[in-house]
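Top to bottom, those sequences are chains A and B. Residues in the first sequence are numbered from 4 upward in steps of one, following our numbering. Residues in the second sequence are numbered from 4 upward in steps of one, following our numbering.
Each hint should be verified, as a subset may be incorrect.
Claimed, not checked - To be clear about the criterion: a stretch of chain B counts as covered by chain A if any three or more of its residues have a C-beta under 8 Å from a C-beta of chain A, and this derived list gives those stretches: (1) 9-19; (2) 25-39; (3) 74-82; (4) 85-98; (5) 102-114; (6) 186-197.
In short, the hints are calculated from the structure, not lab data. Every residue, glycine too, gets a C-beta built ideally from N, C-alpha and C.
Protein chains: 2
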Amino acid sequence: MANDQSKYAPTDRTRIRRYPARGTYDRATVHAILDEALVCHLAFAVGDQHQHQPTVLPTAFVRDDETIYVHGSAKNGLLSALAGGAPACVAVTLVDGLVLARSAFHHSMNYRSVVIFGAARELTGAEKARAFHLLVDKLSPGRSTQARPASEREMALTMVLAIPLEEVSAKVRRGGPIDDADDMALPVWAGVVPLALRAGAPVVDGVGLHQPPAVPAPLIEK
Amino acid sequence: MANDQSKYAPTDRTRIRRYPARGTYDRATVHAILDEALVCHLAFAVGDQHQHQPTVLPTAFVRDDETIYVHGSAKNGLLSALAGGAPACVAVTLVDGLVLARSAFHHSMNYRSVVIFGAARELTGAEKARAFHLLVDKLSPGRSTQARPASEREMALTMVLAIPLEEVSAKVRRGGPIDDADDMALPVWAGVVPLALRAGAPVVDGVGLHQPPAVPAPLIEK
Numbered sequence: 004m005a006n007d008q009s010k011y012a013p014t015d016r017t018r019i020r021r022y023p024a025r026g027t028y029d030r031a032t033v034h035a036i037l038d039e040a041l042v043c044h045l046a047f048a049v050g051d052q053h054q055h056q057p058t059v060l061p062t063a064f065v066r067d068d069e070t071i072y073v074h075g076s077a078k079n080g081l082l083s084a085l086a087g088g089a090p091a092c093v094a095v096t097l098v099d100g101l102v103l104a105r106s107a108f109h110h111s112m113n114y115r116s117v118v119i120f121g122a123a124r125e126l127t128g129a130e131k132a133r134a135f136h137l138l139v140d141k142l143s144p145g146r147s148t149q150a151r152p153a154s155e156r157e158m159a160l161t162m163v164l165a166i167p168l169e170e171v172s173a174k175v176r177r178g179g180p181i182d183d184a185d186d187m188a189l190p191v192w193a194g195v196v197p198l199a200l201r202a203g204a205p206v207v208d209g210v211g212l213h214q215p216p217a218v219p220a221p222l223i224e225k
Numbered sequence: 004m005a006n007d008q009s010k011y012a013p014t015d016r017t018r019i020r021r022y023p024a025r026g027t028y029d030r031a032t033v034h035a036i037l038d039e040a041l042v043c044h045l046a047f048a049v050g051d052q053h054q055h056q057p058t059v060l061p062t063a064f065v066r067d068d069e070t071i072y073v074h075g076s077a078k079n080g081l082l083s084a085l086a087g088g089a090p091a092c093v094a095v096t097l098v099d100g101l102v103l104a105r106s107a108f109h110h111s112m113n114y115r116s117v118v119i120f121g122a123a124r125e126l127t128g129a130e131k132a133r134a135f136h137l138l139v140d141k142l143s144p145g146r147s148t149q150a151r152p153a154s155e156r157e158m159a160l161t162m163v164l165a166i167p168l169e170e171v172s173a174k175v176r177r178g179g180p181i182d183d184a185d186d187m188a189l190p191v192w193a194g195v196v197p198l199a200l201r202a203g204a205p206v207v208d209g210v211g212l213h214q215p216p217a218v219p220a221p222l223i224e225k
């Protein structure tokens, strides 16, 4: 399967050990999760060899083909440490439902998640500008052509990092509870409470235009 | 402020450096965020002194006073490493809105997040049973008294870890875009698209009871 271009090649760090049937290395599945999620959780270890202090922070991100971009203040010490090539790990999680089983033990959640291992690279010039546009467009499609573009000074205040999608896995749980056969007749409601992140009506700032913005498709109630 | 019992004491690791006005150490704010969120992102560094490989994974959790509990398979190597006292960092994030500004640079998100630094401790006996009940009840209030209780074997298959709320900070962004004065007259829609995780109608598993389960209050449309 190592030559199957539709999948990432599993590594020792990305091989799914718990519930391997829920694991996938399928690029299309990974891309869809990354494109729907608004926030990633970015982890890195700081400190010297005597102190492996992990830190994890939420941040906006966007996927561009086989790369994700994150951004922040150029003065951000943690992003600067990452830009220096420190090993990073990124998790992206969508919660899709509460799974209520007949037994306490089999309670679960439905979810779609991606974990990425890699090192970040700081972007400059045209690459940086492109990533910045994509980050803005992720919040509202077409937005980067509507809002005032970033000035040179604003771009200098912003650090943009790229993390390649090379060492990547996804894990997906779908469907109802998986109860033991002996429990199926118990008088307990069992099933799934579906969950979804949904957009409400846009709230205009002050005296604004009346044309509301585009909202990313996954956030619109079906 | 170090003696103010309504707040966590900031440390070098939890002091908010970027947008400090958005940071808070208020226990009530932290508790509310932890009680609403279903998933945390748990980070830790593994490997020897030559390889500070961070790993971050999403997992269910629940708060109990000044502790959070996470659980997983007793065979989970990463949880076992954490139970051994490896330093951990936990991030919990609620995404509340897309903030669309008149300038690309001032685009943002509304969010409420908590970051916790600490080491985990494995629970046993009555403490473990209590944590397990709370984890189940978080998915649906009262559920731990309705579903079949975990057997001794099922409890042995489950590892429950406690992480104390000692080194904790929260960060909250609310409200509309903060545009430059020069941009206020630009013909660009500006405002907020509110976002919320919402529960849909429960989907019963097979031929089940007709009484639907309780759904956690924050997930119910107001």
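To see whether the hints hold, each was checked on the structure:
| no. | hint | result |
| --- | --- | --- |
| 1 | 9-19 | violated (count 1) |
| 2 | 25-39 | violated (count 0) |
| 3 | 74-82 | holds (count 5) |
| 4 | 85-98 | holds (count 8) |
| 5 | 102-114 | holds (count 10) |
| 6 | 186-197 | holds (count 11) |
In summary, the structure is inconsistent with hints 1 and 2 from the numbered list given earlier, while agreeing with the others.
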